[in-house]
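Engineer: One letter stands for each residue in the lines below.
There are 2 protein chains.
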Amino acid sequence: MHQDRVRRSDLRDLVVSAEEAARLIKDGMTVGMSGFTRAGEAKAVPMALAERARTEPLKITLITGASLGNDLDKTLAEAHVLARRLPFQSDPALRKAINNGEVMFIDQHLSETVELLRSRQMGPVDIAVIEAVAITEEGGIVPTTSVGNSASFAILAEKVIVEINLSQPAALEGLHDIYIPTHRPAREPIPIVAPQSRIGLPFIPVDPGKIAAIVITTKLDSSSSVLPPDAETRAIAGHLTEFFLHEVKKGRLTERLQPLQAGIGTIANAVLHGLIDTPFHNLTMYSEVLQDSTFDLFDAGKLDFASGSSITLSAAKYQVVLPELPRYKQRLILRPQEISNHPEVVRRLGIIGINTALEFDIYGNINSTHVGGTHMMNGIGGSGDFARNAYLSVFVTKSTAKDGFVSSVVPMVSHVDHTEHDVDLVVTEIGLADLRGLAPRERARLIIANCAHPAYRDALSDYYRRALARGGHTPHVIEEALSWHAKLRECGSMQSEPASVSAQSLAG
Amino acid sequence: MHQDRVRRSDLRDLVVSAEEAARLIKDGMTVGMSGFTRAGEAKAVPMALAERARTEPLKITLITGASLGNDLDKTLAEAHVLARRLPFQSDPALRKAINNGEVMFIDQHLSETVELLRSRQMGPVDIAVIEAVAITEEGGIVPTTSVGNSASFAILAEKVIVEINLSQPAALEGLHDIYIPTHRPAREPIPIVAPQSRIGLPFIPVDPGKIAAIVITTKLDSSSSVLPPDAETRAIAGHLTEFFLHEVKKGRLTERLQPLQAGIGTIANAVLHGLIDTPFHNLTMYSEVLQDSTFDLFDAGKLDFASGSSITLSAAKYQVVLPELPRYKQRLILRPQEISNHPEVVRRLGIIGINTALEFDIYGNINSTHVGGTHMMNGIGGSGDFARNAYLSVFVTKSTAKDGFVSSVVPMVSHVDHTEHDVDLVVTEIGLADLRGLAPRERARLIIANCAHPAYRDALSDYYRRALARGGHTPHVIEEALSWHAKLRECGSMQSEPASVSAQSLAG
Ligand SMILES: CC(C)(COP(=O)(O)OP(=O)(O)OC[C@H]1O[C@@H](n2cnc3c(N)ncnc32)[C@H](O)[C@@H]1OP(=O)(O)O)[C@@H](O)C(=O)NCCC(=O)NCCS
Ligand SMILES: CC(C)(COP(=O)(O)OP(=O)(O)OC[C@H]1O[C@@H](n2cnc3c(N)ncnc32)[C@H](O)[C@@H]1OP(=O)(O)O)[C@@H](O)C(=O)NCCC(=O)NCCS
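Here the protein sequences line up with chains A and B, keeping their order. So for the first sequence, the numbering used here puts the first residue at 1; every next one is plus one. So for the second sequence, the numbering used here puts the first residue at 1; every next one is plus one.
In case anyone wonders, no lab produced these hints; they're calculated from the structure. There could be a bad hint or two in this list.
Covered by chain B, per the in silico footprint, the following chain A stretches (three or more residues, Cβ under 8 Å) [claimed, not checked]:
(1) 12-18
(2) 70-76
(3) 144-151
(4) 164-177
(5) 259-269
Computed cross-link-like contacts, DSSO-like style, restricted to lysine-lysine with a CA-CA straight-line distance of at most 27 Å [what the hints assert, rightly or not]:
(6) Lys250(A) with Lys59(B)
(7) Lys59(A) with Lys26(B)
(8) Lys302(A) with Lys329(A)
(9) Lys317(A) with Lys302(A)
(10) Lys250(B) with Lys159(A)
(11) Lys250(A) with Lys210(B)
(12) Lys250(B) with Lys26(A)
(13) Lys219(B) with Lys250(A)
(14) Lys159(A) with Lys26(A)
(15) Lys74(B) with Lys26(B)
(16) Lys487(A) with Lys159(B)
(17) Lys302(B) with Lys402(B)
(18) Lys487(B) with Lys210(A)
(19) Lys74(A) with Lys219(A)
(20) Lys302(B) with Lys219(B)
(21) Lys329(A) with Lys402(A)
(22) Lys317(A) with Lys329(A)
(23) Lys249(A) with Lys59(A)
(24) Lys317(B) with Lys250(A)
(25) Lys74(B) with Lys487(B)
(26) Lys96(B) with Lys159(B)
(27) Lys249(A) with Lys329(A)
(28) Lys329(B) with Lys250(B)
(29) Lys74(A) with Lys329(A)
(30) Lys59(A) with Lys74(A)
(31) Lys26(A) with Lys59(A)
(32) Lys96(B) with Lys317(B)
Residues from chain A shown here face chain B by an in silico Cβ test under 7 Å; the list is partial [unchecked claim]:
(33) His109
(34) Val416
(35) Leu446
(36) Asn450
(37) Ser493
Just so it is clear, the structure is predicted and the values come from calculations on it, not from any experiment. The beta carbon of each residue, even a glycine, is placed where N, CA and C say it ideally should be.
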């Protein structure tokens, strides 16, 4: 059966077991694997590595596009295979290994990893392991449900292992647009001028002589862990819709809005989903991961085109979308994450970027990664690539977390991923603050009034009042600025009287 | 005499006094003025505004390129003319008004201001006031020693006041390259592929009907306040040179390096100056402000070409360079700051960006703006435009400030302008830390060992050790993370025993 998938016949002799292919990977190597937000990861070789690590010393640097599915990051972390891991992850077991210092995690803007490899400021990549639906007659590798960093890994690595996944529909071929920027300083402009611009090849061009092994697999992508919209995420979407309507009325946006980007996770997905019941139409997306909401918007006739770097769906949506791929295909492109997230393109297209915060402060600085200022959640991902260069940079979060014991609006964020300069709007279920053109003191008043949960509003106002008395462009009571986080760590709550905000009262 | 400067004859009737021109500016207006890092600012009209504010209510929003010379920001602040000020300043009196909350200051990435005006997310600009050497036959405005935001101000404003400065040499004409990006989402790539790319017009194209008044002036630009290199800045330059040599040896850089950007201020100027006595050659600059060091490098035969948005020189250098402009001109371009700082171009050219920190923390986060986390110094300026998109992002600072009572390396920065993700190297006179590809725990060890002043090294190590015991990807003793700043505020020093680091001991 894999004959029609490995179309270059002289490569068919390279088909081996995962164990055999994995043997090409030696202790201490740097390995670049496909996989982006649980889509299109190599599935068999990493399992074989974890298995091998039971009986022999094996530690590698693992670079991917973004997070892996099928519990691979968990399996690899628990097998202690990972010495270093970059540029993103979202697995609880790996997170634990990172936070206890076992795995050195390099949290990077997703557009930058291959730039650093290409200029040899990191690396080199010894071996690339790439999931593919096919190898073409020329030896080109056709990726599956994600492109991520696969193209540059395959081009830069000394050897390439290809996992041909027979469960991934052959119809994926033609979806990808592989374009690799030239070397600097002699680089040319990236010729994308719209989400639908096709500028590259439908496969990854590699010297077939570098393909060292081919493994046949059948395991499916894991489904997305995103939860369906709830009352709070619907409220967030509602505030944002109202804002967009206002911008249209002011003539600053049309009803087509601008190309949309939405971050990973439950909240961003819900916000995008919320656009279904609005007057906006003929929308486009220039994003990173295409979630359920992208296809809901297609089906609702709201979306004209979507460009991303991966497709990550819930189990139910997966069942519907993948067989229908030929129908969706002409309105979809998957690109290398360097291109989907490229500052040049994001700025040029004028993207509306919607990303998620763990917490933000009264001045609009954003923490998306570090719980309590110290413990890594997932990583900055592409949020910085988009927020810095967006036409409109939006950050969303629920106003509280952990049953209300944590306020997501704080005096000072305990870690900064996005500075006040890169944040135009912040939105919680309580309301929206439009920070454009405002000085820090003006932002503080608006954020406290519009976005903070009522249970924390007075404490924030009190902090701000006392900070103001000390003066400064960005007033703070510096010895108290992180006291909410210190208290959370000590008492498990940011509340003076923990009982006053219960899950109950929040739901009401 | 101004006949040859106002070459379009029908505009000559518009010549009026500064007071008369200033009367076009009404209370409450938004005014866009030329001026970038003390170069090429409109000089007469703002003085007339300050004068008028003595006798009538007059508050405006003042937008410029960057900082103004000739004490204009001081004069305007002290006359209480400024309600809002953006996107940058560097004047002690204005700084005071900002920090006490009298002036609302919007601290912005310098590439973004006109993007926000163009999309009407800020503004509108009622009047532009632009210093020029000439108005062409077509009515085009030829700027003087800076372009800054002048082109977009003139194009977007309803009315334009031109200050023809007879002291600015006519030879400035031909130096400028005015290119304005098209509207989004239908924008085309910016066709710059090298520092010397010329892509626009040598003047600002405006409808001559919008020119409402012309004022004749003769005041010179003020000279730069940059101090000459000292032992510490020379040491910083030395560490960086050594690093570049190492990169050349590794084959990651050539002896031409990559196009250079250097931030404002004494330290960045000194670092650039330090390249004179190195083997590097045929260098280029793609920067923002061209300081003395640019011309020193030209004269030393080290520099082939320099692109910037302004020329800001010491008094001595001014005397030499301006008369010799025709000789330098073919190797110089001045661009709109949107273009000199554009993420698209910065990333494409692969710039080495050298910017200055007030302080950085053990994990490589940078504070360039807020003293003690609260009080604005100057603003983020273009540092973010460059640092985020650079090939190599370098931050420099002396290891201590205020006679050694302040450590510039701290457990946690009190304000973040540049996150760990945007910082490749940090350098003090003590040494250099190469952070590329390192996780936070690895960075901390390197920064403490290589960059911290010996007087603070043990205290930093002690903090880090105790933080490590608590775990986390970025370990902190959260309740103590800002205690160094709290102490400074309370006791005027970060030292346990202030006497132990004196100016004396630091100089030795
Ligand atoms: C920030 C981020 C973690 C939010 O994820 P989400 O699924 O939308 O949001 P949730 O509200 O479900 O929060 C996820 C978890 O963080 C916790 N959390 C949220 N806010 C918190 C806070 N202020 N303090 C502590 N924990 C918090 C939640 O309780 C939840 O914990 P659980 O998994 O134990 O239930 C996620 O969007 C992210 O990793 N972003 C950074 C990368 C990024 O933006 N990439 C997109 C670019 S395309
Ligand atoms: C950071 C910046 C203020 C440093 O300026 P500089 O002239 O090179 O450096 P100096 O060491 O002389 O420091 C300037 C002042 O800050 C003070 N300072 C430096 N570090 C400090 C610290 N950690 N805490 C408090 N004050 C500090 C110095 O004592 C000095 O004070 P003074 O003016 O009262 O003498 C300046 O580069 C800046 O504003 N940068 C931000 C904008 C930018 O980078 N633009 C360039 C992009 S092109």
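Engineer: For every hint, state whether the structure bears it out.
Structural biologist: Hint by hint, here is what the structure shows:
Interface restraint, the stretch 12-18 of chain A with chain B: violated (0 residues with C-beta to C-beta distance below 8 Å; minimum three). Taking a C-beta to C-beta cut-off of 8 Å, the stretch 70-76 of chain A contributes 0 residues in contact with chain B, too few for the three needed, and the coverage statement is violated. A count of 0 residues in the stretch 144-151 of chain A with a Cβ less than 8 Å from any Cβ of chain B is obtained; the coverage claim is therefore unmet, three being the minimum. Counting residues of the stretch 164-177 of chain A whose beta carbon lies closer than 8 Å to any beta carbon of chain B gives 0, which falls below the threshold of three, so the coverage claim is violated.
Counting residues of the stretch 259-269 of chain A whose beta carbon lies closer than 8 Å to any beta carbon of chain B gives 1, which falls below the threshold of three, so the coverage claim is violated. Of the pairs offered as hints, the one joining Lys250(A) and Lys59(B) holds, with about 26 Å between alpha carbons and a cut-off of 27 Å not exceeded. The straight-line distance between the Cα atoms of Lys59(A) and Lys26(B) is roughly 69 Å, outside the 27 Å bound, and the hint therefore fails. With a C-alpha separation of about 16 Å, the suggested pairing of Lys302(A) with Lys329(A) holds against the 27 Å cut-off.
Between Lys317(A) and Lys302(A) the CA atoms are separated by roughly 18 Å; this keeps the pair inside 27 Å, and the hint holds. Simply put, Lys250(B) and Lys159(A) have alpha-carbon atoms about 23 Å apart, close enough for the 27 Å limit, and the pair holds. Between the alpha carbons of Lys250(A) and Lys210(B) the distance comes to roughly 25 Å, so the proposed pair stays at or under 27 Å and holds. For a cut-off of 27 Å, the pair hint linking Lys250(B) to Lys26(A) stands: about 24 Å separates their Cα positions.
Pair hint Lys219(B) plus Lys250(A) does not hold up; C-alpha atoms about 42 Å apart against a cutoff of 27 Å. Among the hinted pairs, Lys159(A) with Lys26(A) is consistent with the structure: their alpha-carbon atoms are about 12 Å apart, no more than 27 Å. For a cut-off of 27 Å, the pair hint linking Lys74(B) to Lys26(B) stands: about 20 Å separates their Cα positions. At most 27 Å may separate the alpha-carbon atoms for a hinted pair to count; Lys487(A) and Lys159(B) exceed this at roughly 55 Å.
A threshold of 27 Å between alpha carbons decides the hint, and for Lys302(B) with Lys402(B) the separation of about 35 Å lies outside it, so the pair is violated. Our distance criterion of 27 Å between C-alpha atoms is broken by Lys487(B) and Lys210(A), whose separation comes to about 59 Å. In summary, the hint linking Lys74(A) to Lys219(A) is supported, as the alpha carbons are separated by about 17 Å, within the 27 Å threshold. This hinted pair does not check out: Lys302(B) and Lys219(B) have alpha carbons roughly 33 Å apart, beyond 27 Å.
With a CA separation close to 40 Å, the supplied pair Lys329(A) and Lys402(A) exceeds the 27 Å bound. For the proposed pair Lys317(A) and Lys329(A), the alpha carbon gap of about 16 Å is at most 27 Å, so the pair holds. Taken as a hint, the Lys249(A) and Lys59(A) pair is broken in the structure, with Cα atoms around 58 Å apart against an allowance of 27 Å. About 49 Å separates the Cα atoms of Lys317(B) and Lys250(A), which puts this hinted pair outside 27 Å; it is violated.
As the CA atoms of Lys74(B) and Lys487(B) are separated by approximately 31 Å, the hinted pair breaks the 27 Å bound. Restraint check for Lys96(B) and Lys159(B): the C-alpha separation of about 31 Å exceeds 27 Å, so the hint is violated. Restraint check: the Cα-Cα separation between Lys249(A) and Lys329(A) comes to about 34 Å, which exceeds 27 Å; the hinted pair is violated. Annotation: proposed proximity of Lys329(B) to Lys250(B) is violated, straight-line Cα distance about 35 Å (limit 27 Å).
Restraint check for Lys74(A) and Lys329(A): the C-alpha separation of about 33 Å exceeds 27 Å, so the hint is violated. Restraint check for Lys59(A) and Lys74(A): satisfied, since their Cα atoms lie roughly 15 Å apart, inside the 27 Å limit. Between the alpha carbons of Lys26(A) and Lys59(A) the distance comes to roughly 8 Å, so the proposed pair stays at or under 27 Å and holds. Taking the CA atoms of Lys96(B) and Lys317(B), the gap is near 31 Å; set against the 27 Å cutoff, the hint is violated.
Given the 7 Å rule on beta carbons, the hint for His109(A) holds: about 6 Å separates it from the nearest Cβ of chain B. Because the smallest distance between the Cβ of Val416(A) and any Cβ of chain B comes to about 4 Å, under 7 Å, the interface hint for this residue holds. The interface hint given for Leu446(A) is violated, since its Cβ lies 13 Å from the closest Cβ of chain B, which is over the 7 Å cut-off. A distance limit of 7 Å between C-beta atoms decides the matter here; for Asn450(A) the minimum to chain B is near 18 Å, and the interface restraint is violated.
Interface hint status for Ser493(A): violated, as the beta-carbon distance to the closest one in chain B is roughly 15 Å, over 7 Å.
Checked against the numbered hints given earlier, this structure breaks hints 1, 2, 3, 4, 5, 7, 13, 16, 17, 18, 20, 21, 23, 24, 25, 26, 27, 28, 29, 32, 35, 36, 37; the rest are met.
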